[in-house]
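Visitor: Working from the sequences, and respecting the hints, build out all of it.
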Amino acid sequence: MELIDQHTKKIMEGCKERAWDAGLRFETETLEYVVTNRDLLELSPKVMIPTLYDYWVHDVEVLKGKGKYELYPGNPYETVINTRPAISFYNDNNPDWLNVMIFYHVLAHIDFFQNNLYFRHTRDYDFTGEALSDKRVIAKLRSEHGRWVDYVIEFSRGIDNLVGFFRELDRLFPVPTVQQPPRLDYYFDVFLQSIKKVRSSAYIKEIERYNQCLSDDSELGEAHFFAEVDRRHPEFKALYAKHKEQKRRPPVDLMQFLLDNSPFLNREENKWMQTVVEIVRKTSLFFQPQIRTKIMNEGWASYWHEVLFFKDDRINGHEVDFARVNAGVTAMPRVGLNPYALGMRMFYFIEESAEKGRWTWDYQRLGDTGDRKRFDRRDGHGRDYIFAVRENMGDFTFINQFVNQDFINRHKLFVAGRRLNEAKMVWEYYVKSRKAADYRRMLLDNLYHPPAITLTTDSTEQHGTLQLIHRFEGKPLLKDFIANTLMGIEFLWGGAVSLETHEVVPRPVRSDRPPRSGTAVAAKTEPEPPRWQKVIYTMRDRELKREIVQTLD
Amino acid sequence: MNGGGFGKDLYAFFDLRVLQGVRMGLPGYANQIRTIDELLAKDRQREKDGFPRKIRVGRMIKPGRGGKDKVVVVPTASEEKLIHDPDFSDQEEEQAGGGAGDGEPGEVIGEEPVRQSDRGSGAGPGQGEGDQHELESSAYDLGRILTEQFELPNLKDKGKKRSLTRYTYDLTDRHRGFGQVLDKKATLRKIIETNIHLGNLPDVNAIDPADFLISPKDMVYRILSREMDYDAQAMVFFVRDYSGSMAGKTTELVVAQHVLIYSWLLYQYANQVETRFILHDTTAKEVPDFYTYYNSKVAGGTQVAAAYKMVNDIVEKESLAKDYNIYVFHGTDGDDWDTEGREAIPQLKTMLRHANRVGITIAQHSPGGNTEVERYIRKSGLLEQSPELIRLDVVDDDADESRLIEGIRNMIS
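Protein chains in written order, with the numbering used here: chain A, 26 to 578; chain B, 444 to 856.
Honestly, I wouldn't trust all of these hints.
[Unchecked claim] Derived DSSO-like pairs (lysine-lysine); straight-line CA-CA distance at most 27 Å: (1) A:Lys165 / B:Lys497; (2) A:Lys570 / B:Lys497; (3) B:Lys491 / A:Lys165; (4) A:Lys449 / B:Lys728; (5) A:Lys296 / B:Lys485; (6) B:Lys485 / A:Lys160; (7) A:Lys570 / A:Lys559; (8) B:Lys485 / A:Lys165; (9) A:Lys230 / A:Lys269; (10) A:Lys449 / B:Lys740; (11) B:Lys633 / B:Lys692; (12) A:Lys71 / B:Lys497; (13) B:Lys660 / B:Lys628; (14) B:Lys822 / A:Lys160; (15) A:Lys221 / A:Lys267; (16) B:Lys692 / B:Lys660; (17) B:Lys765 / A:Lys504; (18) B:Lys752 / A:Lys504; (19) A:Lys570 / B:Lys822; (20) B:Lys822 / B:Lys765; (21) B:Lys491 / A:Lys296; (22) B:Lys765 / B:Lys740; (23) A:Lys221 / A:Lys71.
[To be verified] Now the stretches of chain A that chain B is said to cover, found in silico as 3 or more residues with beta-carbon under 8 Å: (24) 110-117; (25) 174-188; (26) 225-239; (27) 357-363; (28) 404-412; (29) 433-444.
Everything labelled a hint here was simulated from the structure, so no lab data went into it. Don't be surprised by glycine CBs; every beta carbon is placed ideally from N, CA and C.
Guide: Next up, the structure:
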């Protein structure tokens with residue numbers, strides 16, 4: 026890989042100045058490399074991080090298709106990566122005007138990386154540097170433990186989509202929650218209401234008594250109050266202690282839990298495995314925000330390359346060239362989703378609406394179409410508004426908040442359906458719905474969404490079996506992958522693992538023989554909604570057992 | 444391909460392609476093959492270490508029209524994780540992606556043929572959207588891999604009809620100095636080679652042929668030569684139920700297995716295999732190529748006997764039994780309107796008289812489902828009477844590739 030030449034670098038620096046002036050904020054240092062096809066071959070399995078650790082699966086044509094993006098929360102061919110300094114990759118034969126456009130796009134991405142809060146945890150270090158030292162560690166471990174390093178990598182990667190990304194963010198943005206002394210909260214909120222289930226009259230009496238105690242003696246009132254409580258409810262102290270204990274233990278993700286609690290990983294001779302698990306976990310956390318802000322990130326970059334390109338005085342004469350390339354990137358497909366096109370239109374729409382003061386109750390409550398059309402409070406601040414959006418939101422909140430009927434109508438969006446026309450043997454695409462709610466639902470369904478898996482720690486400690494529970498969201502897990510994933514967890518845990526999940530009750534066997542009696546073919550019946558059953562998989566000694574626990578109606 | 448958003452989904456877009464039009468290059472063909480070997484060695488080690496194998500020799504794309512024995516071999520490894528089933532949908536009708544433009548709700552805005560002919564569209568992983576990632580290889584290579592790496596047995600007896608050889612004469616050999624026809628391209632190449640050695644070519648950008656020296660040895664000719672010509676030794680009938688009940692996974696399984704068998708036989712018979720493809724519902728028909736074989740679909744009912752009869756008729760009419768080793772592989776979901784096998788069993792018996800091996804695969808819809816075909820074949824006692832001629836393999840319709848290979852092992856060993 027070579028750096029871009031001085032001429033091109035100068036163009037980049039010019040773009041930076043203009044982007045700064047427009048309000049984008051990013052670190053001044055960046056690195057631009059020219060990549061050849063050969064470089065890309067090496068880079069793509071490493072999600073464009075040149076220094077990522079080696080792993081044999083990187084060398085294989087990794088299975089494409091099934092659940093691809095659920096499995097790899099990083100794009101294999103991103104142009105710019107979130108490092109310090111940010112690194113971006115280019116063809117060596119791009120004309121200058123095209124580079125101008127790409128540079129703006131890249132700079133907007135960098136602005137997004139460095140300002141969006143989903144990326145907060147990636148800001149304090151340079152990932153390429155850290156990855157390089159991780160790579161060396163893994164190479165060293167490999168020289169000591171051989172292929173077992175790869176097994177550990179494999180099994181860790183098997184659960185790296187279950188990392189607690191939001192918990193990690195949560196840690197970075199602590200929210201002050203406790204205003205009242207916790208004992209008081211517990212007594213009134215939990216103990217009296219949930220455990221004692223006292224009547225409201227008794228409850229109010231207790232509040233009065235508390236207030237009385239305080240007004241009698243502001244210093245020791247509370248102590249007096251609880252002295253009485255302890256006398257009346259001798260069990261209170263123990264229950265409160267237990268409650269505190271539960272509260273104290275923060276929920277952990279599966280990988281962190283294994284690192285802390287796995288008897289196997291904590292054996293002296295297996296300590297090295299922890300390093301590997303740690304590296305895989307860290308890498309996954311690094312990529313998480315990328316996939317959770319895809320629409321926003323591409324939309325933001327497309328918005329800015331368009332806005333800034335037209336203002337750039339250096340590209341005179343290339344407006345038509347630009348228009349062609351830009352249309353290819355940001356046109357709404359007749360059927361399908363394009364994150365560039367969608368995200369960009371959303372930013373324009375949000376900006377315009379904010380400009381007119383439409384993100385307000387005054388506007389939202391208007392029912393009359395004409396009034397809505399004319400509504401313009403001339404609030405201004407549209408730009409500021411989208412800058413705030415780019416800082417605080419991720420794809421889910423972005424879509425959930427801003428895809429509304431106005432947006433759908435403006436761009437004539439619809440949910441497309443596809444059905445089989447058996448007579449003609451063609452797939453028919455049709456307009457299924459133009460309702461904002463349906464469109465939003467469809468978008469949200471298309472977002473990256475790993476299953477939520479919790480573990481029950483209490484029973485784990487008792488039985489030695491690690492119990493995982495897949496939170497039911499109306500979606501089954503991909504069965505083919507369960508066995509090997511659980512086997513990996515069993516390896517890392519050093520004991521049996523069970524997984525509770527829900528599956529669809531198989532429908533009775535389809536038969537296409539003609540009905541025995543009568544000639545009328547049964548009318549096409551309404552498909553029944555799927556019936557669900559709770560299933561527990563248990564992996565013990567590398568044998569998988571499946572057990573149906575209960576059928577839901 | 445998946446429940447939400449057909450074709451391309453949101454995350455399939457990325458800057459390098461969208462903005463810079465970068466297409467991914469292909470690793471060299473030879474490289475890839477070497478990798479397969481290395482990877483498979485790694486995989487065997489895995490098994491010794493007590494973990495299940497991970498590499499698959501690519502769930503192959505079905506051969507396209509025209510390129511008859513082309514199969515795409517992609518060594519793949521899936522990284523298994525707990526993820527939501529991307530194929531799951533609780534609606535019968537496919538929920539689709541987004542769209543933009545005019546059209547009333549309910550209005551059909553476009554059509555697309557169910558099977559597209561130019562794409563070797565197939566089932567299963569390895570398909571994806573990245574056509575350019577795939578490595579095309581011939582079925583022969585796949586057969587080699589199956590034989591060597593997955594330890595499918597070699598055929599012991601390749602039949603008595605082996606060496607029906609005759610000769611043809613062809614201008615294929617090259618000869619330096621003299622011959623029948625001057626091979627200009629090869630000659631030029633040789634001349635340049637000579638002159639490079641002589642140092643007559645200092646600058647590749649400015650070549651002056653006038654300075655070249657031409658040695659008599661540089662002239663390359665084509666020369667008439669005797670070529671051996673082998674006849675095909677094996678005739679393979681692939682028979683598939685394509686009735687309505689076969690839709691989806693069962694078809695995928697049966698066809699995937701048939702591709703594997705086909706490849707393995709190609710290797711075993713050093714490419715000298717002829718194939719016939721027969722589809723049946725209540726009636727049977729022969730189709731010209733694997734492409735049609737894979738892609739055809741009807742909604743009709745099922746009569747196995749019709750297909751067996753057709754195989755027998757073809758064998759008899761063309762007197763194939765005399766010159767060929769005949770293999771018949773039949774894939775079905777086990778459904779048959781002829782529930783007792785009254786017509787199918789006699790046809791099967793006839794078939795066993797001339798076939799080297801009949802392999803029947805039943806991809807059943809639910810585990811433990813005692814299907815009609817399975818029932819009447821077991822009842823007929825043919826499996827016990829002539830185990831060297833007929834084999835039955837029953838798989839669940841969620842079987843994976845290794846299970847399929849296991850099935851082939853059963854059917855051909």
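Visitor: Confirm or reject each hint.
Guide: Checked hints:
1. A:Lys165 / B:Lys497: 25 Å, holds
2. A:Lys570 / B:Lys497: 20 Å, holds
3. B:Lys491 / A:Lys165: Satisfied, since the Cα-Cα distance of roughly 24 Å is no more than 27 Å.
4. A:Lys449 / B:Lys728: 21 Å, holds
5. A:Lys296 / B:Lys485: Satisfied, since the Cα-Cα distance of roughly 25 Å is no more than 27 Å.
6. B:Lys485 / A:Lys160: Cα-Cα ~21 Å, so holds.
7. A:Lys570 / A:Lys559: 14 Å, holds
8. B:Lys485 / A:Lys165: Holds, because 20 Å separates the two Cα atoms, which is no more than 27 Å.
9. A:Lys230 / A:Lys269: The given pair, whose Cα atoms are some 26 Å apart, holds under the 27 Å limit.
10. A:Lys449 / B:Lys740: With a Cα-Cα distance of about 12 Å, the restraint between A:Lys449 and B:Lys740 holds, given a limit of 27 Å.
11. B:Lys633 / B:Lys692: 55 Å, violated
12. A:Lys71 / B:Lys497: Holds: A:Lys71 and B:Lys497 sit about 20 Å apart, inside 27 Å.
13. B:Lys660 / B:Lys628: Roughly 15 Å separates the two Cα atoms, so the pair holds.
14. B:Lys822 / A:Lys160: Violated, at roughly 61 Å.
15. A:Lys221 / A:Lys267: Satisfied, since the Cα-Cα distance of roughly 16 Å is no more than 27 Å.
16. B:Lys692 / B:Lys660: 61 Å, violated
17. B:Lys765 / A:Lys504: Violated, at about 48 Å.
18. B:Lys752 / A:Lys504: Between B:Lys752 and A:Lys504 the Cα gap is close to 39 Å, so the pair fails against 27 Å, i.e. violated.
19. A:Lys570 / B:Lys822: 32 Å, violated
20. B:Lys822 / B:Lys765: The hint is violated at about 31 Å.
21. B:Lys491 / A:Lys296: Roughly 24 Å between the alpha carbons, so the hint for B:Lys491 and A:Lys296 holds.
22. B:Lys765 / B:Lys740: 34 Å, violated
23. A:Lys221 / A:Lys71: 57 Å, violated
24. 110-117: holds (count 3)
25. 174-188: Holds, because 8 residues of the segment 174-188 of chain A bring their Cβ atoms closer than 8 Å to Cβ atoms of chain B.
26. 225-239: Coverage by chain B is violated here, the residue count being 0 at a Cβ distance below 8 Å.
27. 357-363: Our answer is that it holds, as 7 residues pass the Cβ test (under 8 Å) against chain B, meeting three.
28. 404-412: It is violated, with 0 qualifying residues against the three required.
29. 433-444: holds (count 9)
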